[in-house]
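Spelled out from the first residue to the last, the chains are:
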Amino acid sequence: MKPAPFSYTKPRTLKEAVTLLAKHKDDARLLAGGQSLIATLNMRLSAPDLLIDINGIKGLDGIAKKGRFIEIGALARHSQVERSELVAKHAPLIALAMPHIGHAAIRNRGTFGGSIAFADPAAELPACLLALGGEIEIAGPKGKRKVKADAFFKGLFETALRPQEVLTAVRVPAADKNTRVGFAELARRHGDYAIVGLAACARADGKGLADVRLAFFGVGATPMRAKKAEAALASGNIEAAVAALDLEPHDDVQATAATKKHLAGVLLRRVAKQLMGARS
Amino acid sequence: MSERSLDISLTVNGDPVAERVEARKTLVDFLREDLGLTGSHVGCEHGVCGACTVRVNDEIVRGCLMLAVQCDGAKVETIEGLSDSGEVADLQAAFEQRNALQCGYCTPGMIAAAQELLLQAKKSRSVPSRDEIREHLSGNYCRCTGYHAIVDAVEAVAQARAGGNT
Chain A
28 MKPAPFSYTK
38 PRTLKEAVTL
48 LAKHKDDARL
58 LAGGQSLIAT
68 LNMRLSAPDL
78 LIDINGIKGL
88 DGIAKKGRFI
98 EIGALARHSQ
108 VERSELVAKH
118 APLIALAMPH
128 IGHAAIRNRG
138 TFGGSIAFAD
148 PAAELPACLL
158 ALGGEIEIAG
168 PKGKRKVKAD
178 AFFKGLFETA
188 LRPQEVLTAV
198 RVPAADKNTR
208 VGFAELARRH
218 GDYAIVGLAA
228 CARADGKGLA
238 DVRLAFFGVG
248 ATPMRAKKAE
258 AALASGNIEA
268 AVAALDLEPH
278 DDVQATAATK
288 KHLAGVLLRR
298 VAKQLMGARS
Chain B
78 MSERSLDISL
88 TVNGDPVAER
98 VEARKTLVDF
108 LREDLGLTGS
118 HVGCEHGVCG
128 ACTVRVNDEI
138 VRGCLMLAVQ
148 CDGAKVETIE
158 GLSDSGEVAD
168 LQAAFEQRNA
178 LQCGYCTPGM
188 IAAAQELLLQ
198 AKKSRSVPSR
208 DEIREHLSGN
218 YCRCTGYHAI
228 VDAVEAVAQA
238 RAGGNT
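Note that the protein sequences, when read in sequence, are chains A and B.
Per our numbering, residue 28 is the first one in the first sequence, and the count goes up by one each step.
Per our numbering, residue 78 is the first one in the second sequence, and the count goes up by one each step.
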């Protein structure tokens, strides 16, 4: 299949991009890394009149430590984040997740912001953001605003982004010596979307854990917190946490709901051990 | 200004190219149909199979997930260029010696992906393990060989380039 005809434009400023979006509304799509969008164009699942290529906008691809946060620009490529020493040091959960995203050629093009904005329910980064309690920076016709990860992922491929807005950056709290993170996923082929995955963050509290945040992906329309399991894990009982897993996955092309639920427990045991081990 | 067709200029395998292309044309279709470089293959057209893997600005990309218009000003290299320059001659020889191809459809993409891994290894002065080779080639489907011979070939070249005896 080939894409239906569309027009193409490459704005040089964020303001220009926002203005174009406001003018063309639903007839336009933003093109960042294109690793999901161009596939849907090729299959004609999407047929916009206009592609607004934001790759020419300067200043959206930085990775920086800003106070207590690590900020990752929307246009930072996955391969750039994967190699970043700042991310490895201050956002170890994201560093753990990066090698699982797509394949080498995909990571060279795909962007951090694109993955968050697309919000595939089986993708790694939305779950990481939810586990870390990150926030999303958005630019629109009325200026900039911030949305917490907890309020950003609203439904299947649905986010708090409004049609005229552009995701510009993501911020996550920088890890400190008490931060514990864990990540695991099961996929049929390395780099494919997960059957089930788990991104987790906690704080070491004496010999136990506090502020446990478990974000599962591939088990619902959005990344899902498993709050009962979080509470059980904070009390130190892994098997109780597995028994308390409050997830209700549906069957999909990859696995049945029962299989997914079982695998979620398998991952929770693995990740719990990572959380309880010393930070490497 | 937004247009359905745009003028682009880029280099392909070192040669300057200036063409007018439809905005909707993917890079791999541009290479094959407009430039006659049919070494890059079209498989799934949604980024899964890796048959269209080419190098843009020194990084491998999916030729089906990038538009030709996005390559304005870029340096594009295909299997024809990698082959003619001799850059991947040892990989090609190893693939042949070890029967790492049968129909050959995936081979240009495999070679491009393997070469990126080997260049990274050279930079970090390391020799990739079989697991690392499998991981780097995980985005390239082969439906003939079962991969084993491909991993063998890439491993042999990795060791030979590092000065080993294989």
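Don't read these hints as lab results, they were simulated from the structure.
Built from N, CA and C at the ideal position, the CB exists for glycine as well.
It is possible that part of the hints are untrue.
Calculated cross-link-like contacts (lysine to any residue; reagent style SDA-like; alpha-carbon spacing at most 25 Å) [stated by the list, open to error]: (1) B/199 <-> A/111; (2) A/52 <-> B/175; (3) A/181 <-> A/191; (4) A/181 <-> A/37; (5) A/116 <-> B/200; (6) B/199 <-> A/112; (7) A/85 <-> B/80; (8) B/200 <-> A/126; (9) A/171 <-> A/288; (10) A/173 <-> A/46; (11) A/37 <-> B/135; (12) B/152 <-> A/39; (13) B/102 <-> A/173; (14) A/42 <-> B/150; (15) B/102 <-> A/72; (16) A/29 <-> B/102.
Over 12 Å on every C-beta distance to chain A, these chain B residues come out as not near it, computed from the model [stated by the list, open to error]: (17) 100; (18) 134; (19) 147; (20) 166; (21) 173; (22) 193.
Results of checking the hints against the structure:
1. B/199 <-> A/111: holds, 19 Å
2. A/52 <-> B/175: Not satisfied, since the Cα-Cα distance of roughly 55 Å exceeds 25 Å.
3. A/181 <-> A/191: holds, 17 Å
4. A/181 <-> A/37: violated, 29 Å
5. A/116 <-> B/200: holds, 22 Å
6. B/199 <-> A/112: Measuring from Cα to Cα gives roughly 20 Å; hence the hint holds.
7. A/85 <-> B/80: holds, 22 Å
8. B/200 <-> A/126: Holds. Residue 200 of chain B to residue 126 of chain A sits at ~19 Å (cutoff 25 Å).
9. A/171 <-> A/288: violated, 39 Å
10. A/173 <-> A/46: Satisfied, since the Cα-Cα distance of roughly 20 Å is no more than 25 Å.
11. A/37 <-> B/135: holds, 22 Å
12. B/152 <-> A/39: Answer holds: residue 152 of chain B to residue 39 of chain A is near 21 Å, not above 25 Å.
13. B/102 <-> A/173: Between residue 102 of chain B and residue 173 of chain A the Cα gap is close to 36 Å, so the pair fails against 25 Å, i.e. violated.
14. A/42 <-> B/150: holds, 24 Å
15. B/102 <-> A/72: holds, 16 Å
16. A/29 <-> B/102: holds, 8 Å
17. 100: violated, 4 Å
18. 134: The claim breaks: residue 134 of chain B does not keep its Cβ more than 12 Å from every Cβ of chain A (closest is about 9 Å).
19. 147: Contrary to the label, residue 147 of chain B does not stay out of reach of chain A, its closest Cβ about 7 Å off (not over 12 Å).
20. 166: Consistent with the label, residue 166 of chain B stays out of reach of chain A, its closest Cβ about 22 Å off (over 12 Å).
21. 173: holds, 24 Å
22. 193: Contrary to the label, residue 193 of chain B does not stay out of reach of chain A, its closest Cβ about 7 Å off (not over 12 Å).
Checked against the numbered hints above, the structure breaks hints 2, 4, 9, 13, 17, 18, 19, 22 and satisfies the rest.
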